[in-house]
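Peer 1: As a plain string of letters, each chain reads:
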Amino acid sequence: MSDTSLVRLAGVSKGFVKGKDAITIFERLDLAIPQGDFVAVMGPSGSGKSTLLNLLGGIDRPDSGEIHIAGSRIDTLSEGQLSQWRAATIGFVFQFYNLMPMLTAAQNVELPLLLTRLGKAERRTHVETALKIVNLADRAKHYPREMSGGQQQRVAIARAIVSDPELLLCDEPTGDLDRASADEILGMLTILNRDLGKTIVMVTHDPAAARYASRTLHLDKGHFEEKELAA
Amino acid sequence: MNDFLLVRKNLFRKKLRAILMIVSILIAFAIFGVLAAFERAFNAGEDVSEADRLVVVNKINFTQPLPIAYFNRIAAVEGVRQVTFANWFGGYYQDPKNFVIVMAVEPETYLKVTGTDFAFTPEMTQAFVRNRTGTLVGRALAEKWGWKVGDRIPISSSIFSQKNGTHTWDVTIVGIFDKNKPQADTNLMFIQYPYFDETRSFGKDTIGWLVLKTASSAVNDQVIKTIDQMFANSSWETATDTEKAFNKAFVAQLGNIALIVTLVVGAAFVTILMIVGNTMVMAIRERTREIAVLKTLGFSGARVLRLVLGETLLLAVIGGTLGLGLATLATLLMRQSLSMFVPGLRMSPEIVLTAVGFMILLGLATGLVPALNAFRLKIVEAMGRG
Amino acid sequence: MLKQIVAVTAINLKSIPRRFWLSLSTVVAVALVVMVLLSFLAMSAGFRRTLASSGAADVAIVLRAGARAELNSVIARDQVRLLEDAPGVARDAQGKPLASAELYLVVDGIKKTTGTKANLPLRGIGESGAAIRKGIRLTEGRMFAPGSNEVVVGKSLLREFQGFELGRTVKFGTALWTVVGVFEADGSVFESEIWADLPVVQSLFNRPNTFQILRARLSGPDGLAAMKAFNDGDPRLKLDVKSEQDYFSEQSSQTSDLIQKLGWPLAIAMAFGAMAGALNTMYSSVASRSVEIATLRAIGFGGFPAFVGTLVESLLLAGIGGVIGAVATWLIFDGFSASTLGASFTQVVFSFRLTPALIGQGVALALIVGLIGGLLPAIRAARMPIVQGLQG
Numbered sequence: 001m002s003d004t005s006l007v008r009l010a011g012v013s014k015g016f017v018k019g020k021d022a023i024t025i026f027e028r029l030d031l032a033i034p035q036g037d038f039v040a041v042m043g044p045s046g047s048g049k050s051t052l053l054n055l056l057g058g059i060d061r062p063d064s065g066e067i068h069i070a071g072s073r074i075d076t077l078s079e080g081q082l083s084q085w086r087a088a089t090i091g092f093v094f095q096f097y098n099l100m101p102m103l104t105a106a107q108n109v110e111l112p113l114l115l116t117r118l119g120k121a122e123r124r125t126h127v128e129t130a131l132k133i134v135n136l137a138d139r140a141k142h143y144p145r146e147m148s149g150g151q152q153q154r155v156a157i158a159r160a161i162v163s164d165p166e167l168l169l170c171d172e173p174t175g176d177l178d179r180a181s182a183d184e185i186l187g188m189l190t191i192l193n194r195d196l197g198k199t200i201v202m203v204t205h206d207p208a209a210a211r212y213a214s215r216t217l218h219l220d221k222g223h224f225e226e227k228e229l230a231a
Numbered sequence: 001m002n003d004f005l006l007v008r009k010n011l012f013r014k015k016l017r018a019i020l021m022i023v024s025i026l027i028a029f030a031i032f033g034v035l036a037a038f039e040r041a042f043n044a045g046e047d048v049s050e051a052d053r054l055v056v057v058n059k060i061n062f063t064q065p066l067p068i069a070y071f072n073r074i075a076a077v078e079g080v081r082q083v084t085f086a087n088w089f090g091g092y093y094q095d096p097k098n099f100v101i102v103m104a105v106e107p108e109t110y111l112k113v114t115g116t117d118f119a120f121t122p123e124m125t126q127a128f129v130r131n132r133t134g135t136l137v138g139r140a141l142a143e144k145w146g147w148k149v150g151d152r153i154p155i156s157s158s159i160f161s162q163k164n165g166t167h168t169w170d171v172t173i174v175g176i177f178d179k180n181k182p183q184a185d186t187n188l189m190f191i192q193y194p195y196f197d198e199t200r201s202f203g204k205d206t207i208g209w210l211v212l213k214t215a216s217s218a219v220n221d222q223v224i225k226t227i228d229q230m231f232a233n234s235s236w237e238t239a240t241d242t243e244k245a246f247n248k249a250f251v252a253q254l255g256n257i258a259l260i261v262t263l264v265v266g267a268a269f270v271t272i273l274m275i276v277g278n279t280m281v282m283a284i285r286e287r288t289r290e291i292a293v294l295k296t297l298g299f300s301g302a303r304v305l306r307l308v309l310g311e312t313l314l315l316a317v318i319g320g321t322l323g324l325g326l327a328t329l330a331t332l333l334m335r336q337s338l339s340m341f342v343p344g345l346r347m348s349p350e351i352v353l354t355a356v357g358f359m360i361l362l363g364l365a366t367g368l369v370p371a372l373n374a375f376r377l378k379i380v381e382a383m384g385r386g
Numbered sequence: 001m002l003k004q005i006v007a008v009t010a011i012n013l014k015s016i017p018r019r020f021w022l023s024l025s026t027v028v029a030v031a032l033v034v035m036v037l038l039s040f041l042a043m044s045a046g047f048r049r050t051l052a053s054s055g056a057a058d059v060a061i062v063l064r065a066g067a068r069a070e071l072n073s074v075i076a077r078d079q080v081r082l083l084e085d086a087p088g089v090a091r092d093a094q095g096k097p098l099a100s101a102e103l104y105l106v107v108d109g110i111k112k113t114t115g116t117k118a119n120l121p122l123r124g125i126g127e128s129g130a131a132i133r134k135g136i137r138l139t140e141g142r143m144f145a146p147g148s149n150e151v152v153v154g155k156s157l158l159r160e161f162q163g164f165e166l167g168r169t170v171k172f173g174t175a176l177w178t179v180v181g182v183f184e185a186d187g188s189v190f191e192s193e194i195w196a197d198l199p200v201v202q203s204l205f206n207r208p209n210t211f212q213i214l215r216a217r218l219s220g221p222d223g224l225a226a227m228k229a230f231n232d233g234d235p236r237l238k239l240d241v242k243s244e245q246d247y248f249s250e251q252s253s254q255t256s257d258l259i260q261k262l263g264w265p266l267a268i269a270m271a272f273g274a275m276a277g278a279l280n281t282m283y284s285s286v287a288s289r290s291v292e293i294a295t296l297r298a299i300g301f302g303g304f305p306a307f308v309g310t311l312v313e314s315l316l317l318a319g320i321g322g323v324i325g326a327v328a329t330w331l332i333f334d335g336f337s338a339s340t341l342g343a344s345f346t347q348v349v350f351s352f353r354l355t356p357a358l359i360g361q362g363v364a365l366a367l368i369v370g371l372i373g374g375l376l377p378a379i380r381a382a383r384m385p386i387v388q389g390l391q392g
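Chains as they are written, first to last, in full-length UniProt numbering: chain A, 1 to 231; chain B, 1 to 386; chain C, 1 to 392.
Any given hint could be a false lead.
[Said to hold, decoys possible] Mimicking SDA-like on lysine to any residue, the simulated pairs with C-alpha atoms at most 25 Å apart in a straight line are:
| id | chain 1 | residue 1 | chain 2 | residue 2 |
| --- | --- | --- | --- | --- |
| 1 | B | Lys14 | A | Pro144 |
| 2 | B | Lys248 | C | Thr255 |
| 3 | C | Lys111 | C | Phe345 |
| 4 | C | Lys242 | C | Ala145 |
| 5 | B | Lys97 | C | Leu262 |
[Said to hold, decoys possible] Short, incomplete list of chain C residues facing chain B, as computed with Cβ under 7 Å:
| id | residue |
| --- | --- |
| 6 | Leu22 |
| 7 | Ala29 |
| 8 | Ser219 |
| 9 | Leu279 |
Honestly, the hints are just simulated from the structure, not real lab data.
Built from N, CA and C at the ideal position, the CB exists for glycine as well.
From just these sequences and the hints, can you work out the full model?
Peer 2: This is the structure we're talking about:
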């Protein structure tokens, strides 16, 4: 495998027990995603899309196999180490935005910076930059309830990129949005990928969304089926 | 923004709920503050007492008299630095309902022995010693009746009468004294024992009790033993004790005040512990998803635990501080009207410190379960992403 | 409408287990409030009953003017003689006046529960001292023999203080006394006393010819007035003559009022705390049932049933708390024996008494907490916009 891979899964197995049945999701799965890639992961419900994202984000652990991301082997890290690693390396974007309702847009974006050593002034600059990137500089003082779904998701993206992580993990980022808002969000992700060089893994079941990615992985019964798309 | 802001925003996201919790904490601390102030006031005698002061009373009971001759005999005991005596007068002013604490005291020595409690100036000491019908009145008592130095006041006794049949003695105020210790109470007055003894119709040459100062508290036991043995098997046996032990035993006669205070405060705290504890568990449960998001962003379990504990601590400190404030106000308001019954009612630094301790304990106790829940929360399960 | 109310209320009550811990905390909070209130009221009632049963209307008590308490009073021998023959004083079959001049002294005893010194009353009584009082009955032993240093003790005193068992010797000063009898006195304050023969007390306590009070059985309803008139008319007397009943009720009111004045504000303050808890519980209840309430409203139920249902839930929780509090107080404190310093500077032993009327007051307080705690959430339930509720 190439050393330029940002993400590398080797022989990863994962299953869970439901009642009396042991259900296998992945069996000895291998995957490599190079630095700067924009990958869409598609597949039917229960195919393991979300589990894959959880494993990549270090919020779930494989039963066996190795996961290397940005030079760290994360499947052997402790919970505390994982937290630190996540704060530094991963940016999450969720389907339902998951903003803190009692915080303003700027404060929501600032949240991950509390985990860094940055001072107050530096944090403010970072937040302003991130909000500018998502075109929401004028909404800094607004609360989530005062914003549309698309705007909230842009805040969530700003939150995901504010600490300058190498890998963005997006879980159905447009699943709760209308077409226009969805296109806006996807355009933004493209820019992040192309101009800022962010590696993005996006789970979606919307083919229109997947078209924004440089390639799509189809996950079915724990196996990948790659389809290269024209950029 | 910092963690404190996050904690504050979390606490007040449901304003009504936060306010209701603060109110219940406030009340528990107000109850604690007032009752603790009462208890301290009841035990003020113990606080005012000094380690090298002993009290000698009749062994049968302290209301029984002792012969005046004991004054000189005890003064001669080795280890006794200074001795004085007093007699309870059973005083009232104008109407038996207007109970006044009056003590007939040996003028010269009494002011010396109690000089650390009260601020007797040299002038008033001299005036009191020289003037047979003079009286020294405490500031609080003087203010209560509007008495001034030079006033001639009739003080009646519900126990004694004069040889001419009257129950009333006329005395002239030669000084109004303040206190030297915050716990001391100036709701009392002193008259001259010689004047009282010569004029009363019965009980001549007997005294109520003696107070003495030892050379040092180290010889207390020796002095106590010597005095009690000296009078053993006489018709007036004595019981000598430290002033502190004597005052403590006296307060204990009212009933187990400390126990009542403990029970009531305990009940109040158990109540808020249940209310606040359960409400916080519920509040954190409602926020399960948000906590999962925080953890996804990279907040560690320990940090999330601290955020939740910070919230309950903040709650306890706000409610507790307001409650203590209310208690302070209440004691100030009650101070005047209850001055006869519980003199020296006040919010002492010790009570405040104890309350702060309770706030921290309460904050930790109510936050423990929800904080641990948040700490243990698994992101995958919480987000329904299993 | 009634059907609707019943249906909604049933849904409310069935959903309580979902909020088990929160509901329980309301119940416990209310129970503790009621316990605090009732224990103070029971203490106050017990103390008042002890003193109330001490005073007889047909016994007069004579004290030095302005003395207010037996301990402070002093009466001269001549005054005693005059009063014994006063009009209004009843006489026995032999024509002797039913009057008892008494000496009231304080002696030290040790309280069993705390091991601390306590003031106990030692009363030197005259020949007819026991006969004047109502309901005096020896439960053990016999009466002291005149002229001997023997004592009889009240059964409350025996229960609360060390070393007064029948046959024991007690030492007051240098004198030794033997306990020869135990008496009861209708639960009155006399049961907290030690009685001995007056002349013996006078001599052993160095109080020759000293008297403090005189008690006399009155000859009839006009007896007191006759005695008073006689007293006021003789310049050698000028004493305070009152019925024993009045004397004790004056004393009881001070202490029992004080206990009540402590108990009610404490209970009310705590009730506010519990009310905050109840409000919280009920708001949560309404919030957690918002979908159900909105669904019912959407299919045609009115707002009033939602209001009643919420209020009933709140009243039920508080009511259960009130009953638990009352039962717990009754189990723990009813009959609980305690003692405090009475007006005569001596220990008065009394038992906590939880009467049905007091229990009523406790439960009423609980229901008030439930009513107020449920009212605002009930209004919210009734006014909840259907659409918003359906969204959960």
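Peer 1: Identify every previously stated hint that the structure contradicts and give their numbers, smallest first.
Peer 2: 4, 8
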